[in-house]
Amino acid sequence: MEKTIMFKAIDRSGTYTVKFDEAMKKFGTDDLLPLWVADMDLASPLCVQEAMQKRAAHPLYGYTVYPDRYFEAIVGWVKKRFAWEVKREWIVPCYGVVPSINFAIEAYSKKGDGILIQTPLYPPFASSVRHRNRKLLDNTLVYEDGVYSIDFEDFEQKAKEASLFLLCSPHNPTGRVWHKDELERIIDICIVHNVLIVSDEIHADIVYDKIHHIIGSFEAIHDRCVILNAPSKTFNVAGLNTSYAIIPDDGLRRRYIVEQNRSGITNGNPFGIEALISAYEDGESWLEELKKYLKGNMVYVRSFLDAHSFPIRAVPVEATFLMWLDCKGMGLIQEELVDFFVYQAKLGLNDGLSFGKAGEGFMRLNAGTSREVLEDALQRLLLAYEGRN
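Position 299 (the sequence shown) corresponds to 295 in the numbering used here; numbering is contiguous.
In short, the hints are calculated from the structure, not lab data. Heads up, a few of these hints could be off.
Claimed, not checked - Lysine-lysine pairs mimicking DSS-like chemistry, simulated, CA-CA at most 25 Å apart:
1) K156 / K176
2) K75 / K206
3) K176 / K342
What the hints assert, rightly or not - Label-pair ranges, simulated between beta-carbon atoms:
4) K176 / E85: 25 to 33 Å
5) V14 / K76: 18 to 26 Å
6) R128 / K21: 39 to 47 Å
7) T60 / V14: 20 to 28 Å
8) Q340 / E81: 26 to 34 Å
9) Y59 / H175: 41 to 49 Å
10) V295 / V61: 18 to 26 Å
All values derive from a computational prediction rather than experimental measurement. Cβ atoms here follow ideal geometry from the backbone N, Cα and C, with glycine treated the same way.
Go ahead and model the full structure; you've got the sequences and the hints to work with.
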């Protein structure tokens, strides 16, 4: 059980962190407040810190296998959090969700095959498809009255050309949690058109007022799905490169393992293994407190934007610690919008256009930080906006 939890931003200088140390390369300046790459500025839970310290105290860090406790921790977590009974043999330890997407593309499709995605979308989905010489099929999400939904008529048309559907659930960057009936309709279409579903569910633990349904929990799709997950986002351990795939079908699992082994990634990260076990065994109470804090951050940002009559609106967030900002009311082309944030507001956010054409007019803000940092960010935004008018 965690002690009293105080969430505050941690000074990350000197730790070679992408968010801060890559700011100059990303934005052309480091004179800004970075709120971009999707990890948090908040400390990992004490249980994880203690497990890491205990392992670090042992003076050898050699090749490491995945112990029984690793698999048991995943089985227990998925059952406890999502009411899904996963069999141990379905679990394949991996190095990261993005590498796993690439392994799945190689395992289940061939060059020239169509692969379906839904933009705006986390950029590595589209780049993985292109780099593997597959045909990108985009079922662009419908944005209406501040809410995103699926165009199922278009989805079915695109599914006719697809071998794979890369699902992002919950969705990054829009923060949508797909409803059960939406997932059932996706499954029905994919079964009819013989499309395999590869689902990135790395943000599944950070869902606020909705229920997250893991795609694999629908038995109808068991023989045609691969679920990818990790403790990375939830417990802020992305740098440990530890993830896993859940693949119920024996044949699909064997094909995936062949591709992963071809990459040369076979052994585990000793610190990643300890982090996953400790987080999944002892981190649940911390996670519940984290979700309350993050939800408060989302409410604070939305309230601030509304109170100051900004021509910027935050799309309602159902999951993740990422906020998708609709900046179309600014009346700027995308290059001008990015320059406004970087050089006038001195804020480093993700360019919405990097998430696909459907992200034009948007920016993504990482709210996984302290309230004080967000207050600073919004004051910068206010001053920059007032300076333009």
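Taking the hints in turn, this is what the structure says about them:
1. K156 / K176: Since the Cα atoms of K156 and K176 sit roughly 23 Å apart, the hinted pair holds (cutoff 25 Å).
2. K75 / K206: holds (17 Å)
3. K176 / K342: Measuring from Cα to Cα gives roughly 40 Å; hence the hint is violated.
4. K176 / E85: 25 to 33 Å: holds (27 Å)
5. V14 / K76: 18 to 26 Å: Cβ of V14 to Cβ of K76: about 31 Å, so the range 18 to 26 Å is violated.
6. R128 / K21: 39 to 47 Å: violated (26 Å)
7. T60 / V14: 20 to 28 Å: Between T60 and V14, where Cβ atoms are some 24 Å apart, the hint holds.
8. Q340 / E81: 26 to 34 Å: violated (53 Å)
9. Y59 / H175: 41 to 49 Å: With Cβ atoms ~44 Å apart, the hint holds.
10. V295 / V61: 18 to 26 Å: violated (44 Å)
This entry does not satisfy hints 3, 5, 6, 8, 10, going by the numbered hints stated previously.
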